[in-house]
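For the record, in the sequence shown the residue sitting at position 379 is 379 according to full-length UniProt numbering, with numbers rising by one throughout.
Do not rely on the hints blindly, as some may be mistaken.
As the list claims (entries may be wrong) - Each pair of labels, with its calculated beta carbon distance range:
(1) Arg105 / Gly468: 50 to 58 Å
(2) Pro409 / Lys112: 27 to 35 Å
(3) Lys546 / Arg285: 25 to 33 Å
(4) Glu505 / Asn437: 20 to 28 Å
To be verified - Here are the simulated DSSO-like pairs of lysine-lysine, each with C-alpha atoms no more than 27 Å apart in a straight line:
(5) Lys75 / Lys514
(6) Lys375 / Lys170
(7) Lys644 / Lys603
(8) Lys441 / Lys499
(9) Lys465 / Lys445
(10) Lys228 / Lys255
(11) Lys445 / Lys375
(12) Lys69 / Lys499
(13) Lys170 / Lys152
(14) Lys375 / Lys176
(15) Lys603 / Lys75
(16) Lys97 / Lys112
(17) Lys603 / Lys432
(18) Lys603 / Lys530
(19) Lys152 / Lys317
(20) Lys75 / Lys465
These are computed hints drawn from the structure, not numbers from a lab. Ideal Cβ placement from N, Cα and C applies to all residues, glycine included.
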Amino acid sequence: MREISRVVRRMVSTLQRFSFETRNGESYSALRPNSYYQKKRSTFKGTTFSHQNQLPSLPVPVLEETLTKYLESVKPFCRDAEQFEEQERLCQDLVQKEGAKLQERLVRYSEKSRNWLSEFWDNQAYLEYNDPVVPYVSYFYAHKPLPTSHAKIQTDPLIKATAIIVSVLKFLEAVKDEALPSEHSGNTLLCMNSFQMMFNNSRVPGDGRDSNVFYSLYENNFIVVAFKGNFYKVLTHNASGDVLGPADIWQQLYKITANLDGQVRDNNKVGIGSLTSLPRDEWLRAHKELVTNPLSAQSMEAIYKSSFMVCLDLDTKPITLEEKSRYAWHGDGINRFYDKPLQFFVAGNGNSGFLAEHSKMDGTPTLHLNDYVCKQMHSLNVAEFLGQINCSVAQNENKPQYLPFFVTPATRSHIEAAQVGFHKRIGEHHLKVWHYNKYGKNFMKNVGFSPDAFLQQVIQLAIYKYFGKQLPTYEAASTRRFYKGRTETGRSVSTDSAKFVADWENPDVADSQKVASLRSSAKAHSTYLKMASAGHGVDRHFFGLKNMIQPGENMPELFKNPLFIYSSTWLVSTSQLSSEHFDGYGWSQVNDNGFGLAYMLNKDWMHINIVNKPNASGLSVSRLHYYLTQAADEMFELLDSDRKHHSKL
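Could you build the full structure based on these sequences and the hints that come with them?
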């Protein structure tokens with residue numbers, strides 16, 4: 001055991017810390033800097049991060065402008081004119097009293113950083129958050145099955161897993177070569193920082209705040225495969241640094257699942273991955289105990305260093321959309337390592353998906369990755385790919401390495417508690433998929449709507465039908481046009497949306513007026529979302545101002561006001577990430593008294609993953625499902641009729 005300890009110490013001591021070349025404030029552990037390997041790669045292009053220095057800094061909005069927008073957003077929640085006048089007075093007081101001082105501090109703070117929000121947001125929204133990352137923080141994609149022409153890949157889980165791994169490795173090599181082109185939204189460059197945060201890293205539990213550890217992409221050419229609650233190191237490159245072919249990958253997976261080395265353990269007796277489903281303070285205590293053993297510490301470091309993780313769930317066969325979504329969202333709580341930012345998984349029937357740890361990446365970069373992987377699999381020549389897998393490979397080459405953990409009685413107790421807690425939390429959540437095939441983006445565009453704004457109106461109308469009122473609604477707006485930009489809040493409830501839902505449910509309002517109100521509401525939503533994406537929303541600015549309050553100073557009265565607090569109590573949290581290759585996308589509700597609505601908008605269908613905790617909220621996913629259908633049907637009928645009427649004129 002002493003010898004193992006010396007090896008671990010020697011291995012750690014040889015690594016150095018290097019700052020990422022883009023100066024993003026993060027660093028990675030490596031023997032040599034990335035630049036050393038990049039110079040040796042004949043395929044290196046250096047384009048992916050070449051525009052990072054050109055990106056603008058995140059702006060600090062003008063305080064008075066933010067307060068004007070806030071007042072407009074809070075109007076629909078005011079019970080009368082007197083309550084709105086109180087909000088106006090509180091806003092005026094903020095400007096005349098503490099607000100100017102807080103604004104000045106925030107402006108000064110922003111001058112020292114290209115993104116004044118980044119550190120505050122990463123820490124307070126994610127790394128200091130004590131609830132388990134699953135189900136509360138991570139998000140998932142469920143991949144659509146491959147076409148029938150690819151049935152021999154789709155229905156064989158090891159071949160499907162091989163196809164996924166080979167495809168992800170192509171993407172990883174493009175990241176290593178910095179060959180991915182900088183992404184754009186129209187003519188606007190987008191920040192590519194997250195693509196440095198994808199591979200070869202992990203979240204790690206900490207005392208009061210977690211951290212992220214990053215390792216060299218070039219020195220750690222392996223992945224970790226989870227099978228029956230155990231972890232295995234699987235090589236992805238040969239000694240020369242060349243990517244292994246499908247046969248080499250498949251054979252390592254086969255050796256794991258066939259138990260050729262007698263290493264598979266009963267998943268009820270190991271299940272180290274279960275510990276990552278604990279609340280973070282409990283996981284920290286278990287982690288400290290676990291890594292006191294050098295063997296366990298070495299295995300844990302291998303998981304952290306690995307490029308990504310692949311979970312083989314051969315005993316699981318999800319079929320329905322709900323089953324696939326639950327499988328992708330949380331799995332069984334054993335055959336996962338929830339702190340890894342990239343986890344792909346394959347079930348026994350070949351259905352596959354992806355789970356992301358959220359602390360350093362939002363959805364658009366992982367959407368890009370998964371879309372790429374699915375496109376690669378669709379483009380495979382099936383006969384050629386199967387032929388590559390079936391070619392002879394020396395039996396003793398590239399053996400997977402079992403990652404052992406020393407499980408003490410205390411660690412076993414932590415694992416058992418983790419599994420009990422996991423099943424309790426998952427059982428408290430209800431999930432229902434609203435998959436609507438009547439129409440999609442094509443129809444919305446044909447009748448003159450932004451598809452995203454249209455679906456937000458469907459949601460607002462459904463909520464109004466359910467409750468007879470609107471609820472504070474959040475839509476994630478991307479701010480990637482700025483350096484290290486992540487998200488801003490899009491406030492979906494507006495005076496226009498309040499008029500729309502009231503008009504729509506009023507039988508005395510003419511159909512033409514209902515359509516006009518719908519169009520005005522959708523336009524207002526698009527305007528707010530564009531403003532939020534441009535860094536001029538309300539909520540992140542308020543968040544920044546609160547962080548400028550120094551110890552001993554009072555919180556401004558506005559920030560303590562019940563209506564102010566209610567207006568950002570996200571009882572309906574929404575976000576769109578769409579791909580023609582997915583049939584599932586989701587995450588948990590933001591507030592346990594409300595709903596989480598993750599949605600996809602495709603050419604001819606809409607998809608919403610509805611999640612809530614009924615015991616906490618008293619709400620029903622089935623009822624909201626019903627009202628979403630009713631709202632979508634009614635909007636189609638009126639808009640289709642309106643379109644036909646105008647086409648005759």
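Violated constraints from the hint list, given by number and in increasing order:
Hints 1, 2, 15 not satisfied by this model.
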